[in-house]
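I would like the entire structure built from these sequences, with the hints used as guidance.
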Amino acid sequence: MDAAERDLLGQSLRKIMTSTAAGPALDGELTDLGWPELLAELPEVAVPLVFGLLGETGTVASVLNDVILAAAGQDIGGTTTLPYAGGSWLVWDRDVEPPAEAGAESSGPTGAFAVLDPALPLRRVEAGEPLVESALAAGRRALGWWLVGSGRAMLALAREHALARAQFGRPIASFQAVRHKLAETLVALEGAEATLLLASDDFSSLLAKAAAGQAALTAAKHCQQVLAGIGYTTEHALHHHIERVLVLDGLLGSSKQLTKQIGATLRRDQVAPRYAHL
Amino acid sequence: MDVSEFRTGLRAWLEDNDLTPGPDGSLAGQVEQLGRVRRALFDAGWMRYGWPEHVGGLGGPAVLRAVLGEEIASRELAPPNFYALIEVLVPTMIDYARPELAAEMVPRLLNGDEQWCQGFSEPGSGSDLASLSTRAEQRGDTWVVNGQKVWTSLAQFAQRCVLLARTGPGHGGITAFFLDMDTPGITVRPILAMHGEEEFCEVFFDDVVIPADRLLGKVGDGWAVAGSVLPFERSTSFWHRINHLYARFDHLLAEAVDPDEGALGATYLGLHTARCRSHGTQRRLADGLPLGPETSVDKVLLGTSEQHLYDTVRELLPGAVELTDSQWRPEYLYSRAATIYGGSSEIQRNIIARRLLGLGKE
Ligand SMILES: Cc1cc2nc3c(=O)[nH]c(=O)nc-3n(C[C@H](O)[C@H](O)[C@H](O)COP(=O)(O)OP(=O)(O)OC[C@H]3O[C@@H](n4cnc5c(N)ncnc54)[C@H](O)[C@@H]3O)c2cc1C
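So the protein lines, in turn, are chains Y and C.
Following my numbering from start to finish, the first sequence increments by one per residue and tops out at 278.
Following my numbering from start to finish, the second sequence increments by one per residue and tops out at 640.
Because the hints were derived from the structure by calculation, they are not lab data.
Positions of the beta carbon are idealized from the N, C-alpha and C atoms, including for glycine.
Derived list of chain Y stretches under chain C, where covered just means 3 residues or more per stretch with a C-beta under 8 Å from a C-beta of chain C: (1) 162-173; (2) 188-194; (3) 205-211; (4) 250-262.
Below is the structure:
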């Protein structure tokens, strides 16, 4: 697929993600657009695009299941148990309508489990089946792209606000403390994206998920500070993204947990692997 | 010559030719070692790949220089910052010096005969380089320079200097010169840096006469000359540095007393991130794309991950920096400068805010 075709695909994806209701409706639209074929034939193009745009547009689809199932060599369209930081197991349900209003609890089948981000149809289960390494890695790359996309959405909101909001007679974007927070956010997101672009095997996918989680949390912190009062309300879109990255960071291993795992691997092997060769 | 052919040949050559530094870790010893490494690599041809024929090179893509630096840095054969000085000096000569001057001088730097320095910063002009006040006045066929430079790395060892001086008002009033350091009127006073070496100097200019054919570019091109060091500083030379940091991280893994896995993981993740970013930048350069303000991201990632590495060294090798005179001490201290030289991290964030995020003026 060349750059022009990729752009075109990106535009179509963005259009359906911004015009279709999150959840089963979007799942259906993605299938119609050719998601199953794209995932089978061009995952290196499809996954960054689809998941990056889920983050940027702030919508939700259940395609993480497909990425993991496909990488495990199973049929897509179903669900699988997913490990969460701290030893929990979750299922990402497919046919659950997202809550109608902000702040409402998920209508997930169990009903008893409240996820911080109610738009994510996650359900806690007693136990799960460990994923094969390649499936875990594929899921981590997909979530990494989602996290970076959400980070970019937060940065866009904070940037817009910084230019529009005036205090002391000038835009807050003119204050260096504000500028540097946003610059740091971009540095973190760009760095994480670079690790995702070079994520190939299991370990580099783990690294990319850790970098993406960390970058998204950095974005959340800095953008929340820049958006200040308005960003703390549920009337502004920021909180959706913040809640989302907090949840997604923990899925398939939090940045904190993965970072420890990286250190353990390095200590065992006594050598730092060099990825990214010229 | 492509990358893998070059790398394979170079590795085999390095196996047969031992360039391991001797016991003299002093600054003079390091400069000596640098000359030795360059000389051997030049004579064997490796140092000449990636540079054009008209300056003594053997041609081929610039990425070969990055590969050479990587192999040198990975084996810890030469101090990375000094080794990489070539990357900020030679491209300037190729782009701005008279062709005969470049052809005469560049081989002397590549082959280890000479050291050169970069005289940009002044006591009153650090981050605000455009405010520099060292003056150059035209007198007949020559230029006469008066003023002072500071933090000029290796000036006491250098035979030549790429100098910025003021020839008129504003950004368009800065002119670049290629100067012989033995010209009468130059006084060099080394400054003892925090890591215990006389890494840089004050350089005083008292009626120093420079022939007009030593201009780099035209009168008033100095600001462009200063900007021209950016692409290779931010690609090839960063790549050398990153590979050096990986080599040092391996030492940390071997020596760490405190097995803090979270700290080791976070440190490595920072290096990996800087490395991946730099890799993308080199790909863009190799594809012929111009490098611009987006390389400020690379600079912040590199400076931050370098300091993070040495913070972790200090934490996981308790006392190594403070109570022993191992290599960790000067390296730890030197890492504190990583967010200062070459444009401080704050200046990089200003550039990111203005040019990449479009936040308008401060
Ligand atoms: C090890 C080392 C080697 C060096 N080698 C050379 C060399 O070979 N040749 C050479 O020419 N120079 C060299 N330098 C000098 C280096 O380029 C300068 O130190 C650097 O540009 C910063 O200038 P300064 O030290 O005057 O700090 P200043 O510019 O005075 O800055 C002081 C502090 O204020 C901050 N600051 C300044 N302006 C702004 C702003 N607009 N917004 C926000 N914060 C700001 C800076 O980030 C910094 O934290 C070297 C420096 C070091 C440490």
